[in-house]
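As a plain string of letters, each chain reads:
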Amino acid sequence: MTIQQERHVLVVFPHPDDEAFGVSGTITTHIQQGTPVTYACLTLGEMGRNLGNPQFATRESLPEVRKKELLASAEAMGLTDLRMMGLRDKTIEFEDDEKMVRMMTDLIEELNPSKIITFYPGFAVHPDHEATARAVVRAVRRMKDRPTLHGVAFANDTLEKLGKPDVVYNISEVREQKMNSMKAHISQTAWMLEEMEHKLQQGDTETENWLTQERFYNYRWDEDFEKSF
Amino acid sequence: MELVEVKKLQVQLDAFAGKDVYLHLETTNGSYASHFNKDFFNAGAFIRNVVINYELGKVVGDSPHRVGLKLPHGWVYAQGITHYELDEQGRLLLAGHDGTGKLAVALQISETPFSY
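Heads up: the protein sequence lines correspond to chains A and B, in order. No gaps in the numbering here: position 184 of the first sequence is 184 in our numbering, and each next residue is one more. No gaps in the numbering here: position 54 of the second sequence is 54 in our numbering, and each next residue is one more.
So that you can see chain B by itself, here it is in the shape it has in the complex (with noise of 0.2 angstroms):
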């Protein structure tokens, strides 16, 4: 993965608008986020090979950056994306790394369903 360069994501972007794509989604703390520290709330979701069509893709601030997906009837968006990659697969990977490595949120398009 490299660094989030707005101009050259967003042309990635673009390029999966208009098409049906599989969405991958997750934001997460980890599940011992309450174990080490017992008054953490943790909270986190997770989506995969949901489909979308979105209409417009945007990649907006510095990083982290915030990625938003305006759908016909709705909007898909993530914040804390760092990270890109089109991958060998041609999937469009965005990630949000924290300053250990750690992944806390990921959002990713592809026009084939993710493996399972």
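Next up, chain A with everything else stripped away, as it sits in the complex (with noise of 0.2 angstroms):
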């Protein structure tokens, strides 16, 4: 599935390595297409328990590690415009929804976007994603003109009640980026990236498949997760 062209795409996710995994390959597409890019990421990723041994952070000096990170990430993807917007790792389920929403929609009144990436409400497992999710499909339902929105999902149930994605991005061309992207979040996927290093070196085609392919599901405003809010 080719990459469309958009006028502004817009990124919304809470912790600094979201993007790496399931969309960097995207994000980079775009940008190489000339695509405009918003990447919003809303904590530091402060509660993050990967410290490393041998240690290289404490839970208070973690914050500015995965700042770092998360600027290296960027780069790595050539996104210039980097929200960071300043609430906390495991927190955002406990804001007030409707602040939240807020956020969501003075990010999309500013930037106009043809196109918004953030977890599928449901079946993204973390409550942080979760309450992303929530807050971003709750601001574009309010729209009048709904900007595309294309929601990632890896809870263990989505095959079954989602069905296969149905947008599928082959991003082969950008599997450097995707990779520098990744290592640039090393302290949180050193572990994960020597595995896969392994995967890879026995032709796992399923780790091959996710250097190559991004999936994502448009969000199904006819079975919307809630009727109002």
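None of these hints come from the bench; they were simulated from the model. Remember, predicted model here, so these are calculated numbers, not experimental data. Glycine included, each C-beta is placed from N, C-alpha and C at the ideal position. Hints may contain errors.
Computed list of lysine-lysine pairs in PhoX-like fashion (alpha-carbon distance at most 25 angstroms, straight line) [said to hold, decoys possible]:
#, chain 1, residue 1, chain 2, residue 2
1, A, K99, A, K67
2, A, K199, A, K164
3, B, K102, A, K199
4, B, K38, A, K164
5, B, K102, B, K38
6, A, K67, B, K102
7, A, K161, B, K38
8, B, K7, B, K58
9, A, K183, B, K102
10, A, K183, A, K199
11, A, K99, A, K227
12, B, K58, B, K70
13, A, K68, B, K102
14, B, K8, B, K70
15, A, K144, A, K99
16, B, K70, B, K19
17, A, K67, A, K183
18, A, K68, A, K183
Listing some non-contacts, in silico: residues in chain A with all C-beta distances to chain B over 10 angstroms [said to hold, decoys possible]:
#, residue
19, Q33
20, T38
21, E75
22, T80
23, R83
24, E95
25, D96
26, V101
27, L107
28, E109
29, R146
30, K161
31, D166
32, G203
33, N209
Reconstruct the complex from the two isolated chains, following the hints.
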């Protein structure tokens, strides 16, 4: 599936590194095609549990480490509009829901994106992911002319309940940028990258696909996750 | 951070006794625990920047250690502490890291508030 030209793409995720795994290839491609991309990252992943062995950070110094990694990931993708929204890791679901919708609405009104990428509510596993997805969907739901809304879903019951992703991009041409985006978040990805390397050497097709394809679901407004808010 | 040496850490704990200090206490299994194992019962707790004043602080046991703070009307304690550090801002950071380096528990005290 070809990645379409867009007016502006807005990406909203809660943690530094959320963009790396699922969408950094898509982001890179949009940028290479001349589409402006904004990544709003809601927290600095302050509660990350990987502090290294041997340790490279404490609970208090981790945010600075992860901020630098986020900037490095943006550079790897060629992204120039990175917004750090100042919320705290693992607290998003406890924020005032209307305030969260307002934050998303403000971004949308400022940037006027033709496409928004976030998590798919109900299928995003982490409470921060779910809260982010809810806020984005609620903000977009209120719009008269809704932009395309692509959700990333990876809960265990995704295939069973949503079926196969209806948007699959071939991102093999920017595989290196994707790899560099993941490597930029080394404090959280070191262990995973090591395992990935091992699987790639064994010719594991699932891992290979992961580096060459990115999958999304068009948000199903006819099966909206809530009636109204 | 360095591995806890009971005597050294005890000196640090004593230094904060009887003062109003900001507390950070957390314990967690990570948000993905139940994603990777649906039978896993995922519990955790997080407190940050609550002010306490303890009359007695004590580190006990072999590593991983237990650390308890006795308050005039209550208690704070953490289990699984392996490392500690008095950081450059004079904050006492205690942490329990599992075998892979993941943070499992943190107990931190400071005379000034921790950042947001």
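Results of checking the hints against the structure:
| no. | hint | in the structure |
| --- | --- | --- |
| 1 | A/K99 <-> A/K67 | holds, 24 angstroms |
| 2 | A/K199 <-> A/K164 | holds, 24 angstroms |
| 3 | B/K102 <-> A/K199 | holds, 23 angstroms |
| 4 | B/K38 <-> A/K164 | holds, 22 angstroms |
| 5 | B/K102 <-> B/K38 | holds, 20 angstroms |
| 6 | A/K67 <-> B/K102 | holds, 19 angstroms |
| 7 | A/K161 <-> B/K38 | holds, 17 angstroms |
| 8 | B/K7 <-> B/K58 | holds, 10 angstroms |
| 9 | A/K183 <-> B/K102 | holds, 19 angstroms |
| 10 | A/K183 <-> A/K199 | holds, 17 angstroms |
| 11 | A/K99 <-> A/K227 | holds, 19 angstroms |
| 12 | B/K58 <-> B/K70 | holds, 8 angstroms |
| 13 | A/K68 <-> B/K102 | holds, 20 angstroms |
| 14 | B/K8 <-> B/K70 | holds, 19 angstroms |
| 15 | A/K144 <-> A/K99 | holds, 20 angstroms |
| 16 | B/K70 <-> B/K19 | holds, 13 angstroms |
| 17 | A/K67 <-> A/K183 | holds, 14 angstroms |
| 18 | A/K68 <-> A/K183 | holds, 12 angstroms |
| 19 | Q33 | holds, 33 angstroms |
| 20 | T38 | holds, 23 angstroms |
| 21 | E75 | holds, 25 angstroms |
| 22 | T80 | holds, 26 angstroms |
| 23 | R83 | holds, 17 angstroms |
| 24 | E95 | holds, 13 angstroms |
| 25 | D96 | holds, 16 angstroms |
| 26 | V101 | holds, 22 angstroms |
| 27 | L107 | holds, 21 angstroms |
| 28 | E109 | holds, 26 angstroms |
| 29 | R146 | holds, 30 angstroms |
| 30 | K161 | holds, 15 angstroms |
| 31 | D166 | holds, 23 angstroms |
| 32 | G203 | holds, 24 angstroms |
| 33 | N209 | holds, 20 angstroms |
In terms of the numbered hints stated before, the structure departs from none.
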